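Chemist: Chains as they are written, first to last, in the working numbering: chain A, 1 to 166; chain B, 1001 to 1174.
Because the hints were derived from the structure by calculation, they are not lab data. Since this is a predicted model, take the numbers as computed values, not measurements. The reader is advised that the hints may include incorrect statements.
[As the list claims (entries may be wrong)] Simulated crosslink set (SDA-like; lysine to any residue; CA at most 25 Å straight-line):
id	chain 1	residue 1	chain 2	residue 2
1	B	Lys1060	B	Gln1166
2	B	Lys1153	B	Lys1174
3	A	Lys85	B	Lys1128
4	B	Lys1153	A	Asn59
5	B	Lys1128	A	Asp64
6	A	Lys71	B	Glu1105
7	B	Lys1037	A	Pro107
8	B	Lys1128	A	Lys108
9	B	Lys1153	A	Pro106
10	B	Lys1172	B	Leu1034
11	B	Lys1153	A	Glu72
12	A	Lys71	B	Phe1042
13	B	Lys1128	A	Asn75
14	B	Lys1004	A	Gly128
15	A	Lys85	B	Lys1037
16	A	Lys108	B	Gly1022
17	A	Lys85	B	Leu1034
18	B	Lys1128	A	Leu41
19	B	Lys1104	A	Ser67
20	B	Lys1153	A	Gln58
21	B	Lys1037	A	Glu100
22	B	Lys1153	A	Cys57
23	B	Lys1005	A	Gln140
24	A	Lys71	B	Lys1104
25	B	Lys1005	A	Leu103
26	A	Lys71	B	Gln1102
27	A	Lys71	B	Val1122
28	A	Lys71	B	Leu1044
29	B	Lys1037	A	Pro106
30	A	Lys71	B	Glu1041
31	B	Lys1005	A	Val125
32	B	Lys1005	A	Lys108
33	A	Lys108	B	Tyr1021
34	A	Lys71	B	Gly1126
35	A	Lys85	B	Pro1125
36	B	Lys1172	B	Glu1083
37	B	Lys1087	B	Pro1160
38	A	Lys71	B	Asp1103
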Amino acid sequence: MIRRRDRWASVRRATWWLTLGVVFIPWWGAAHADAATNFDLEDRVREIASELRCVVCQNLSVADSPSDLAKEMRNLVRELVQQGKSREEIQAYFVSRYGEYVLLSPPKRGFNLLVWGLPFLAIAVGGGVVYLVVRRWTEQAPASRPAVDPTYAERVQRELKDREQV
Amino acid sequence: MTWKKLLIPLASVPLILLLAYGFRTDPKAIPSPLVQKPAPEFRLKAFDGGEVSLAELKGKPVVLNFWASWCYPACYEEAPLLEATWKRFKEQGLMMVGVDIQDKEANAREFLQRFGFTFPNVPDPGSKVSIDYGVYGVPETFFIDRQGQIVYKHVGALTPALVEAQVQALLKGK
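Extracted from the complex, chain B is given alone in its bound form (with noise of 0.2 Å):
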């Protein structure tokens, strides 16, 4: 009975399959299907007294980042990136918006002040625009394109590498 020898081996084919399709996927990548999406509509109040709208920003590319002053030591690390990229395209058109999550206000405030942020940030009450663009911890950055589409998410403190090649895909981009 040569078949029933070949039962065995056989049968194990879809095993190793599934097992070979589980162990080459990363458990730990949750791929965001916000992306070549429109990113959410959000109006909130600025530190700074002024408000912030998503749809009036239209036209310009966007980095969108949610940061909290409790997140250390990744939002620390990319702190200065941010800064830096914003004073480095803003002539470019590029806007920048950081979004502050879960926070105590006289704690953002400070964080605020010791980087010298000058790109408009604002806090986040309820965790409503947070819970609409799926942040599950922060730091996160959106890039967002001139047509207000979601290009690109990252989860973790930013690359310079990595801002760069984004941020000048977004400024050549329609």
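Just chain A, same shape as in the assembly (with noise of 0.2 Å):
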């Protein structure tokens, strides 16, 4: 009979326990995703923000800075990606009210892919450069030393053999 009670006892003991997870993991699981999906938004409101200029500092990305106006335009980036507008509809928005000059890095067309390119074709200009003045360098050493005078080459090679004979 003891064995019997205490047999009952576990069951009931393991039917709380499974109760209790039933309950429980699923809650713990949507708290959890909830966090996730939270730190998912935050991270695309930063990623948004960061390329948004702060319209009234200096140099100084949406996302950094501490402005009154800088934290409003964030608020309005966390709603717009709540409404499930995408980066680019975010920033064209942004675009048709302040302009390009709210993007931190300008869009690589029209004129503003010379500030894009200018670098790259420098670099390609002053390496060439570079490579021309070495190979002109390196092709002149040899030609560039001083011609001798003949009678000078031939006195030391004179004066050599007498040395030589001595």
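With the hints as a guide, dock the two chains, each given alone in a separate frame, to form the complex.
Modeler: Below, the structure is given as structure tokens:
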């Protein structure tokens, strides 16, 4: 009898734990998943805000600026992300209000291509110039040896010979 | 080799042109993309309790001024001019709306009282309207025609001559 009661107790205990698990695990999971989406949202907001210029600062992004307007802009970005707007749509909205100036890196098209291309062009041209100059130096090195007066050369040869004979 | 002598001056021509373009533009002048575009709609609660909606003002030219009580001295300089312009032209159909941005309510009300503003003024919670108008500092003033198009945007304190010219043009316009 005692054994049987024991078994019942263990069954009850197991049921209790199972119930707890059935209730608790989904709850814990849901809470965790919520935290994850929140984290993703903040990440996304930061990513978009970091490419927007804080318009009242000097060279600070909306993500990094402590100013009130930047804070409001971050809130707006968060709201737009929650509405399901893409990064491009959000950027387009800010550009339509503030102009391209609001983007920290100018879009790669039209006149702006100069900004993206010129540094590389300058490095290529500079590299070419360095190559040409170095090549000229190395080519001229043998030719630049001063010509020796044949009379002196002859005299050196003669005196060397005399020395050997002594 | 004459072409080699020409190479250096020729190579510097594009650079000089680029610099000439760059130095002739004002780096501080940021043209608003909103000029010649429809003014963004807004509906906000006014300080005096009423509601201001831009759509409801269609058919009237509107002077839309962004200000703040902490914007000293520019907003304080232009405030009497705004009120005087409103008094002078409201009979002719001009509308004027003030938007107070990033302000404390008590300070804003003090500002309104100090200058005795009689045209509608609205606070802008969350700066939504300010961002929608691409405002980056106060004061900024938008001149909106009867069709609801932004005709002109002015950054900084207004001057009597500028207001006169813009308002007359708005009132004459269709």
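Chemist: It remains to establish, for every hint, whether it holds in the given structure.
Modeler: Hint-by-hint comparison with the structure:
no.: 1; hint: B/Lys1060 <-> B/Gln1166; in the structure: 14 Å, holds
no.: 2; hint: B/Lys1153 <-> B/Lys1174; in the structure: 19 Å, holds
no.: 3; hint: A/Lys85 <-> B/Lys1128; in the structure: 17 Å, holds
no.: 4; hint: B/Lys1153 <-> A/Asn59; in the structure: 24 Å, holds
no.: 5; hint: B/Lys1128 <-> A/Asp64; in the structure: 20 Å, holds
no.: 6; hint: A/Lys71 <-> B/Glu1105; in the structure: 19 Å, holds
no.: 7; hint: B/Lys1037 <-> A/Pro107; in the structure: 22 Å, holds
no.: 8; hint: B/Lys1128 <-> A/Lys108; in the structure: 29 Å, violated
no.: 9; hint: B/Lys1153 <-> A/Pro106; in the structure: 24 Å, holds
no.: 10; hint: B/Lys1172 <-> B/Leu1034; in the structure: 22 Å, holds
no.: 11; hint: B/Lys1153 <-> A/Glu72; in the structure: 22 Å, holds
no.: 12; hint: A/Lys71 <-> B/Phe1042; in the structure: 21 Å, holds
no.: 13; hint: B/Lys1128 <-> A/Asn75; in the structure: 10 Å, holds
no.: 14; hint: B/Lys1004 <-> A/Gly128; in the structure: 15 Å, holds
no.: 15; hint: A/Lys85 <-> B/Lys1037; in the structure: 23 Å, holds
no.: 16; hint: A/Lys108 <-> B/Gly1022; in the structure: 18 Å, holds
no.: 17; hint: A/Lys85 <-> B/Leu1034; in the structure: 22 Å, holds
no.: 18; hint: B/Lys1128 <-> A/Leu41; in the structure: 20 Å, holds
no.: 19; hint: B/Lys1104 <-> A/Ser67; in the structure: 16 Å, holds
no.: 20; hint: B/Lys1153 <-> A/Gln58; in the structure: 22 Å, holds
no.: 21; hint: B/Lys1037 <-> A/Glu100; in the structure: 16 Å, holds
no.: 22; hint: B/Lys1153 <-> A/Cys57; in the structure: 21 Å, holds
no.: 23; hint: B/Lys1005 <-> A/Gln140; in the structure: 21 Å, holds
no.: 24; hint: A/Lys71 <-> B/Lys1104; in the structure: 16 Å, holds
no.: 25; hint: B/Lys1005 <-> A/Leu103; in the structure: 42 Å, violated
no.: 26; hint: A/Lys71 <-> B/Gln1102; in the structure: 11 Å, holds
no.: 27; hint: A/Lys71 <-> B/Val1122; in the structure: 21 Å, holds
no.: 28; hint: A/Lys71 <-> B/Leu1044; in the structure: 21 Å, holds
no.: 29; hint: B/Lys1037 <-> A/Pro106; in the structure: 23 Å, holds
no.: 30; hint: A/Lys71 <-> B/Glu1041; in the structure: 23 Å, holds
no.: 31; hint: B/Lys1005 <-> A/Val125; in the structure: 17 Å, holds
no.: 32; hint: B/Lys1005 <-> A/Lys108; in the structure: 35 Å, violated
no.: 33; hint: A/Lys108 <-> B/Tyr1021; in the structure: 19 Å, holds
no.: 34; hint: A/Lys71 <-> B/Gly1126; in the structure: 9 Å, holds
no.: 35; hint: A/Lys85 <-> B/Pro1125; in the structure: 22 Å, holds
no.: 36; hint: B/Lys1172 <-> B/Glu1083; in the structure: 21 Å, holds
no.: 37; hint: B/Lys1087 <-> B/Pro1160; in the structure: 14 Å, holds
no.: 38; hint: A/Lys71 <-> B/Asp1103; in the structure: 14 Å, holds
Consistency with the previously given hints fails for numbers 8, 25 and 32, ordered from lowest to highest.
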